[in-house]
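A.B. asks: We have chain V; now place chain P with the ligands onto it with these hints.
If you read the sequences in order, they're chains V and P.
Going by my numbering, 125 is the number at position 125 of the first sequence; the sequence numbering is gapless.
Count along the second sequence from 1, add 1000, and you get the number used in my numbering.
No lab work stands behind these hints: they were computed from the structure.
Glycine is no exception: its CB is placed at the ideal position from the N, C-alpha and C atoms.
Any given hint could be a false lead.
Unchecked claim - Simulated crosslink set (DSSO-like; lysine-lysine; CA at most 30 Å straight-line):
| id | chain 1 | residue 1 | chain 2 | residue 2 |
| --- | --- | --- | --- | --- |
| 1 | P | Lys1159 | V | Lys55 |
| 2 | P | Lys1007 | V | Lys230 |
| 3 | V | Lys198 | V | Lys230 |
| 4 | V | Lys230 | V | Lys55 |
| 5 | V | Lys14 | V | Lys201 |
| 6 | P | Lys1273 | P | Lys1298 |
As the list claims (entries may be wrong) - Computed far set for chain P versus chain V, every beta-carbon distance over 10 Å:
| id | residue |
| --- | --- |
| 7 | Gln1004 |
| 8 | Val1057 |
| 9 | Glu1087 |
| 10 | Pro1182 |
| 11 | Thr1353 |
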Amino acid sequence: MTVAAPTKPKTTLKMVYQRPEALADTPTHYCPGCTHGVAHRLVAEVIDEMGLREKTIGIAPVGCAVLAYDYFEFDGVEAAHGRAPAMATGIKRVLPDRIVFTYQGDGDLASIGMGEIVHAAARGERITVIFINNAIYGMTGGQMAPTTLPNQITTSSPGGRDVAVQGFPIRMSEILATLDGAAYVVRRSMHDPANIRKAKKAIRLAFEAQVRGLGFSLVELLSTCPTNWKMTPAEAMNWVRDNMVPAYPLGDYKVAPELQKLRV
Amino acid sequence: MTRQLLKGNVAMAEAAIRAGVEAYFGYPITPQSELLEWMAKRMPEEGRAFLQAESEVAAINMVYGAACTGARVMTSTSGPGISLMAEGISYIAGTEVPAVIVDVMRGGPGLGNIAPSQGDYRQVIHGAGHGDFFPLVLAPASVQEAVDLIGEAFDLAEKYRTIVFVVADGSIGQMMEPVSLPEPRPPRRERPDWAVGGAEGRPARRLTSLYLKPEVEEEVNLRLVQRWQAMEANEIRYREYYLDDAEYVVLGFGTAGRVALSAVRAARAEGIKVGLFRPVSLRPFPTEAIRDLAARSKAFLVVEMNGGQMLDDVQAAAQGQVPVRFYGRMGGMVPFPDEVLAEIHALVSEPPTPAEAPRARWLAQMVS
Ligand SMILES: Cc1ncc(C[n+]2csc(CCOP(=O)(O)OP(=O)(O)O)c2C)c(N)n1
Ligand code: SF4
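Isolated chain P (complex conformation):
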């Protein structure tokens, strides 16, 4: 397969087209706009639906409508857009229709800035909207991985009738890397047996997130939990680097994980037995794998481009078996490998104690 040099946002858009996406609805926002622009050009060429909505609120409800017909549909945005989409996301979840949402994260809160960030972690793992539901969340660390995950996202969304988020930070969206794109898959022609589209020769179908009887809503809730259990059993994804003999483990997802990998390699060259654990599915979270690592390592270092949002999940997974340290950059700042390497050095020279409070220690270091 030929490799092409593509910008992350463009590569993700083209990957979606090749995965047979039939409709795209979105609203411009940096750092994801190239994704929308690529769709604007390519979707009509393929005879598929593209529409620039009047807002993210409208965009997600267009996605909702198209999803109810059983079409492969997606949108993309950044944090402020996810905030506006929260309502529609919840309705999609409550109606149990599949959809793919790409979040190219930027600095926040508020208008923040347009630099790369991982500040939406908590927002997306809970799906942003109200009520009990469980979206699948995938986090690529390279343009190639983003392409691969986009392709998988549609299949997973349909398999579990769920929302799948692909969370890329601004650097994945903006950077150019060589990628091989998959062979195009034609859009599916057949429609699932729950989809609306005209009651021709069959009883009318209704798709709703309204269940006025609590006992019926509870059944729906339980079904969502059951699906979530199935996702937890089958869809955990992570990457391991140099972990076989590692005494120290760095944990990070997306760009933070990628930066950390450079630092781990540098530390290995110095003879430090350190490895990297990079969660790819942020939900379901690789809790068991992290617990196993905790049982056989001396210390954890969590690296993120936020204030330690995944840190809490890592600590919960580690169950106090290993002391945990944290290093984060925020507000659109990306850590340099040198900074992470210095943290790895500190892990060895001043090992964390079980009582150490990782966020407090990191904060003292950042604001001193």
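So that you can see chain V by itself, here it is in the shape it has in the complex:
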């Protein structure tokens, strides 16, 4: 009996989704429903699209993204808690033609690193900052962050954040946009595909600002921490939409004129 040669499929496969070159082929340590992984992917896609992989140095923070450099196929360093903008400054000042970005959580950027981020922005440091605002300290087990919403329950505000005692949330994008050194400061959300697409466009513009030497650029991403919020991934997405977006309005807080006409 003769076996017929297998017939070739008639349809040709088209690649519609693949791992960006700048993203390492590594299993993730992030929790299910955490948007850190999505943010990493957006950064990697933008770096690839702009052809920057071999020029980029990424700076990982202290926080859940402390191992961020393991997920990227470009050079990376790990900073002390909150100090990533200072470390980025040191790198960028000696290698001004390289692309330097920090990736920081809200505890890292808005609490312990408040001084470093404000001064990097004020100096117009030509770096890009990806700011993950998940309204909580993820890595240390869910304590209150400077961005924790009023009445939000965390392990260190077990009765809910009492603004009379623990103060009010900090809106970093609004603050940083007041500084003359800032070229691009926007807030986006990660709670659904449409918003994620807008987030990617913003990340692209932030890197464009750096490539063009326009000054400091930052994209704040409203993000999830289902684990410490004690929610399912779907609930966490909805919580961002229903609670964080009203408290942290999405929008463009500073866009340098050179970027306004740019189509990406």
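C.D. replies: This is chain P with the ligands only, laid out in the frame that chain V set:
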């Protein structure tokens, strides 16, 4: 080589420039500010990076970032700044990248004052930061020596991928002395094979002080200890004066050593067989050399501008072979040669007993 009259801080800054430093990050603090100011003027002239940071915390992390690119980088400060830099210093050590830090010591603790002191001895020999690491610490006693050590500091930092401290007290930073500066060395163009700077045509590199697996962190720790052993074997530096036939030995570093030298010379003129041992590397500490001296002298006198911080290391080195006495001035007070000479006289007229407690005796004398 022509000699110029230069202030210590300026001379150290210019020495760093001539050693090819590519980036300087710092924050103003007396008594080191002239170093930063000289850098502010000269680094841009040389097309190199200068930045006044918003704090010492930021400054050391800028140094950290620049060091990760393999650039020659330094900062300078005084005690309060070293306290703030402690965290970054530890990260630099944990990441095994080279950096040079100048500490122009002032009176403390707290805000203290701006007068010369050696109160940061213990702080810097342990590198100020947390964890197991071993910085190299060099202490000049003159502006010329400061210039020479700055030049060496960069080479040593790169050789051992370590932090090198140059600890000058306020008098070295502030005083003017004739110095000859070295010929300028151009900044290196090639980068070490561990440096980050863009993964062009090579796999991505990562520099970190994070090793989540204890067995891997232990490997890093052991590597740091190994490097430290190599530094102990190769990098001990000290100066000896009139020690060949000395019965009595004065020990002091930096300005205290220099003041003591005047006293030793005066005592020699009186016929007292006394010499001076001046540690230049405070870490690694010249333990063996001090032990050998202890075996062949009658008494030690340790002179410092602190409450006897090096005294403990000298006693440990001497291993009880010789009685040790201590004389210190604190709080920004600098001992006069006369005061040290009086101590040398006392060493001869009332020799210390092995049981004598040097710090207690000194304290009783100071507060009586
Ligand atoms: C000096 C210092 N203080 C405290 C910590 C402990 N710590 C690690 S991560 C973290 C908070 C991180 O929260 P965030 O920046 O919001 O990032 P997330 O984990 O939520 O992504 C803290 C306090 C540390 N590593 N270093
Ligand atoms: S703890 Fe929160 S922020 Fe951290 S990985 Fe899990 S979900 Fe993400």
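A.B. asks: The structure should be examined with respect to each hint, and the outcome stated for every one.
C.D. replies: Tested hints:
1. P:Lys1159 / V:Lys55: This hinted pair holds, its Cα atoms lying about 27 Å apart.
2. P:Lys1007 / V:Lys230: violated, 62 Å
3. V:Lys198 / V:Lys230: Measuring from Cα to Cα gives roughly 27 Å; hence the hint holds.
4. V:Lys230 / V:Lys55: Violated, at roughly 39 Å.
5. V:Lys14 / V:Lys201: holds, 24 Å
6. P:Lys1273 / P:Lys1298: holds, 10 Å
7. Gln1004: holds, 29 Å
8. Val1057: Incorrect as stated: the minimum Cβ-Cβ distance to chain V is 7 Å, not above 10 Å.
9. Glu1087: It is violated; glutamate 1087 of chain P is separated from chain V by about 6 Å at its closest Cβ, not greater than 10 Å.
10. Pro1182: Given that every Cβ of chain V is farther than 10 Å from that of proline 1182 of chain P, nearest at about 23 Å, it holds.
11. Thr1353: holds, 50 Å
Hint violations for this structure: numbers 2, 4, 8, 9, all remaining hints satisfied.
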